[in-house]
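Q: Sequence:
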Amino acid sequence: MAKKWLLIFLAIFLCRQVSFARRPNFTSGPIVSEILISGLKNVKEKVVRGQLKTKKNHPYDENVVRQDISRIMELNYFNDVAVSVDTVTYLVNFQVVEKPLVKKILFKGNKKISRGKLLDNVSFKENEYLDNPRIKESEEKIVNLYREEGYADCSVESYLSLNPETNIAEVSFLINEGKQLRVGSVSVAGPQNFSHKKIAGLIKLKKKSIYKQSELDEGLKAISEFYRNRGYEEVVVSSPTLIVDKEKGLVNISLEVAEGRRYTVGRIDFAGNSVITSKELKELVRIKPGKIYQEKTVEETKNNILQAYADRGYLQARVEVNLKHLAAARAGEGIIDIELDITEGVLLYVGNIYIEGLTFTKEYVIRREILLKEGDPFRADRLRRSIERLYNLGFLDGVEPRISPTAEYNVADLLVNITEGKPGMLSAGMGYSSLDQLYGTMQIQHLNLLGRAQRLNLSWEFGARRQNYDISWTEPWFLNKPTSLQLRIFNTELQRDYGTIYSAYKEMRRGGSAGLGPRLSEYLNLYFTYTYADVEIRDSVVSDIQNSRDVTSSLNSQIVWDSRDNIFDATRGNRQAFGLEIAGGPFGGSINYIKSIARSSWFWPSFWKFVFSVNGQIAWINSFLPSEDVPIYEKFYVGGGETVRGYKYRGEIGPIEGGRAMLVGNIEYKFPIVQENNRTILQGALFFDIGGAWRHFEDMRFTTGSADDLLHTGLGFGIRFVTPVFPLRLDWGYGLNHKPGEELSQFYFTIGSMF
Numbered sequence: 001m002a003k004k005w006l007l008i009f010l011a012i013f014l015c016r017q018v019s020f021a022r023r024p025n026f027t028s029g030p031i032v033s034e035i036l037i038s039g040l041k042n043v044k045e046k047v048v049r050g051q052l053k054t055k056k057n058h059p060y061d062e063n064v065v066r067q068d069i070s071r072i073m074e075l076n077y078f079n080d081v082a083v084s085v086d087t088v089t090y091l092v093n094f095q096v097v098e099k100p101l102v103k104k105i106l107f108k109g110n111k112k113i114s115r116g117k118l119l120d121n122v123s124f125k126e127n128e129y130l131d132n133p134r135i136k137e138s139e140e141k142i143v144n145l146y147r148e149e150g151y152a153d154c155s156v157e158s159y160l161s162l163n164p165e166t167n168i169a170e171v172s173f174l175i176n177e178g179k180q181l182r183v184g185s186v187s188v189a190g191p192q193n194f195s196h197k198k199i200a201g202l203i204k205l206k207k208k209s210i211y212k213q214s215e216l217d218e219g220l221k222a223i224s225e226f227y228r229n230r231g232y233e234e235v236v237v238s239s240p241t242l243i244v245d246k247e248k249g250l251v252n253i254s255l256e257v258a259e260g261r262r263y264t265v266g267r268i269d270f271a272g273n274s275v276i277t278s279k280e281l282k283e284l285v286r287i288k289p290g291k292i293y294q295e296k297t298v299e300e301t302k303n304n305i306l307q308a309y310a311d312r313g314y315l316q317a318r319v320e321v322n323l324k325h326l327a328a329a330r331a332g333e334g335i336i337d338i339e340l341d342i343t344e345g346v347l348l349y350v351g352n353i354y355i356e357g358l359t360f361t362k363e364y365v366i367r368r369e370i371l372l373k374e375g376d377p378f379r380a381d382r383l384r385r386s387i388e389r390l391y392n393l394g395f396l397d398g399v400e401p402r403i404s405p406t407a408e409y410n411v412a413d414l415l416v417n418i419t420e421g422k423p424g425m426l427s428a429g430m431g432y433s434s435l436d437q438l439y440g441t442m443q444i445q446h447l448n449l450l451g452r453a454q455r456l457n458l459s460w461e462f463g464a465r466r467q468n469y470d471i472s473w474t475e476p477w478f479l480n481k482p483t484s485l486q487l488r489i490f491n492t493e494l495q496r497d498y499g500t501i502y503s504a505y506k507e508m509r510r511g512g513s514a515g516l517g518p519r520l521s522e523y524l525n526l527y528f529t530y531t532y533a534d535v536e537i538r539d540s541v542v543s544d545i546q547n548s549r550d551v552t553s554s555l556n557s558q559i560v561w562d563s564r565d566n567i568f569d570a571t572r573g574n575r576q577a578f579g580l581e582i583a584g585g586p587f588g589g590s591i592n593y594i595k596s597i598a599r600s601s602w603f604w605p606s607f608w609k610f611v612f613s614v615n616g617q618i619a620w621i622n623s624f625l626p627s628e629d630v631p632i633y634e635k636f637y638v639g640g641g642e643t644v645r646g647y648k649y650r651g652e653i654g655p656i657e658g659g660r661a662m663l664v665g666n667i668e669y670k671f672p673i674v675q676e677n678n679r680t681i682l683q684g685a686l687f688f689d690i691g692g693a694w695r696h697f698e699d700m701r702f703t704t705g706s707a708d709d710l711l712h713t714g715l716g717f718g719i720r721f722v723t724p725v726f727p728l729r730l731d732w733g734y735g736l737n738h739k740p741g742e743e744l745s746q747f748y749f750t751i752g753s754m755f
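Under our numbering, the residue at position 544 of the sequence shown is numbered 544, and the numbers go up by one with no gaps.
What the hints contain is simulated information worked out from the structure, not anything from laboratory work.
Treat the hints with care, since some could be wrong.
Distance ranges between label pairs, derived from CB positions [to be verified]: (1) Pro-626 x Asp-376: 56 to 66 Å; (2) Thr-343 x Gln-95: 23 to 33 Å; (3) Lys-117 x Ile-673: 52 to 62 Å; (4) Ser-123 x Ile-681: 26 to 36 Å; (5) Ile-673 x Pro-626: 20 to 30 Å; (6) Thr-419 x Asp-376: 42 to 52 Å.
Straight-line C-alpha distance at most 25 Å; calculated DSS-like pairs for lysine-lysine [stated by the list, open to error]: (7) Lys-103 x Lys-46; (8) Lys-206 x Lys-136; (9) Lys-648 x Lys-739; (10) Lys-103 x Lys-302; (11) Lys-112 x Lys-206; (12) Lys-248 x Lys-291; (13) Lys-141 x Lys-108; (14) Lys-99 x Lys-125; (15) Lys-198 x Lys-221; (16) Lys-246 x Lys-204; (17) Lys-46 x Lys-108; (18) Lys-481 x Lys-362; (19) Lys-373 x Lys-481; (20) Lys-41 x Lys-56; (21) Lys-41 x Lys-108; (22) Lys-46 x Lys-112; (23) Lys-206 x Lys-221; (24) Lys-246 x Lys-279; (25) Lys-208 x Lys-246; (26) Lys-204 x Lys-296; (27) Lys-179 x Lys-198; (28) Lys-136 x Lys-56; (29) Lys-179 x Lys-208; (30) Lys-739 x Lys-204; (31) Lys-324 x Lys-302; (32) Lys-117 x Lys-103; (33) Lys-112 x Lys-248.
Even glycine gets a Cβ: it sits at the ideal position worked out from N, Cα and C.
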């Protein structure tokens, strides 16, 4: 009986728990009985309700209602939102006033500019809700558009036709284009030290060209900058006088220039600095005492000082330039003393670091590339390098850092907004080279496997003279340490030429490799790679090359300094590498050699987005057994798309059997052709190459010529498809040191960057 009552008690208790679980966990207070949305005409009710946190049968909270109003207004569909609450039933009524819905945008009077171009300059679109200030803004944009086409007298009026019942509007723009004006003349009065023609030429507007106010404004600015960068710091350029001949449609432009004295730099002093000494600041100064005053060098100096402070964590530093003008002994000349007054501000520290925008990538992948940590000084140089490191992952389209102040005056949060790109790609293509003739490529590559920045690459190259299978996997942070781990397997079959003999033998390689790459510092890395390969030479038709099968077991040790800003498309920085490979001996195998390769690559930004780059490499190989020669497939061959362009890959530079020593130099001048999100997609390049190969290191000669033992040169141009996933190069090279009978130029289709 006791058990029966116990079971009944437990059943009642459990039922009560279920009942309580189904009820909202209300606090005390009035309960919302109903929610109404009134005033809607074109906006769907569910859109508004989707913004509400106030719920039926839940407690009424005035703060939540205010937040609901804010969220509704953020939709940008309404001019006003009000709320009425029945204090008896707590029925909540959100009363909205919709903005007009634009159904049509009309233009009248436009003859010279198309409707499509006008629509691009209207600040709202059809089927959008209208903010009235945007109509006035659109009028101004249309007027400016016409003025840029020479219609200086253009006027625009707008009309809003609104159906009050439906709240649907039509917006009409009535355009009076006026007459197009062209430049009649440009005259400049006042220059004493430069010709009138020289100064007038700084204005892009020329006789009979379409008159554009923006080009006139730019010209006035150019004249002022021209003088201020040549010592005339007090130059005054007057507002231009415009005389319009409406009958002829011409505008005559005249202006005056008051040059003033020409100044040289006197003293340069600093004030307000304590964090950075005056001696250190002097190294940042681009102005020299006794030289002609140049405004641009003063600005460069100011920016250098601000950058130096920012790199130390003083992001709020300010520099004010104070000029003291002094008369000089010679008439028309003066001296300027410059004081750089520095307000250092406070040392800023990193508060919290927030990562936003991730959809696939693990957050720790991003955080480990950010050099700044919570509590660190907010150094701008470490932030810049962090951005470079993030882009070097290869799968990010955008990295936008934002600095957000906190309640503490010397602490700021770092917000990093990430835009993820496409980390994987399946690609296929066809190529042609003098070495391999026509061949195809297929590649599957993923730069962010499992969202962990692991890289997987599967490639297949196929053709009559080439079969290549290659699979590699890379973990950039092995065991959560800044050490890369790479595993690779490969299977390659190549038809090789020997001198003038086509397809003289077949070279087959099968094997794999494993590598570790510990990072010693931000720019310094070590790499250790063990490779095991079964190499076979078969189907030889020349007596110099015997059919053979050998095993190569080697360890390659490399030290690399890499300060490039972008490893896929560098614009500044350098990469220095020295490697030593030992095969055989303690590592086994049937081949014994020691190989050393040193390579140096440098990148400098030029004007606009042009990049000047230089690369050099020197290499040497020898067997450490006196009775054994270096295999033909381990020797160096110069020529082709990877070394000296304008020549075949083999047989035109150096010994036909390959050299034990090699020297190569490359110069490239690169420029963007197509860009997307400020990143280069398609790139052009001009290049010059020089190089040679020799049987022995002591045989090296540093003169150019067509003989096998001389350096050969080539030049040409190319196009690069720049992408971390599938970089391609198409180059045309012209050799300058060919022997009689050799082809003077070559085309190369290559996967991967040159250097």
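Q: Against which earlier hints does the structure fall short, listed by number upward?
A: When the structure is compared with the hints, numbers 2, 3, 5, 6, 8, 10, 12, 17, 21, 22, 24, 27, 28 and 30 turn out to be violated.
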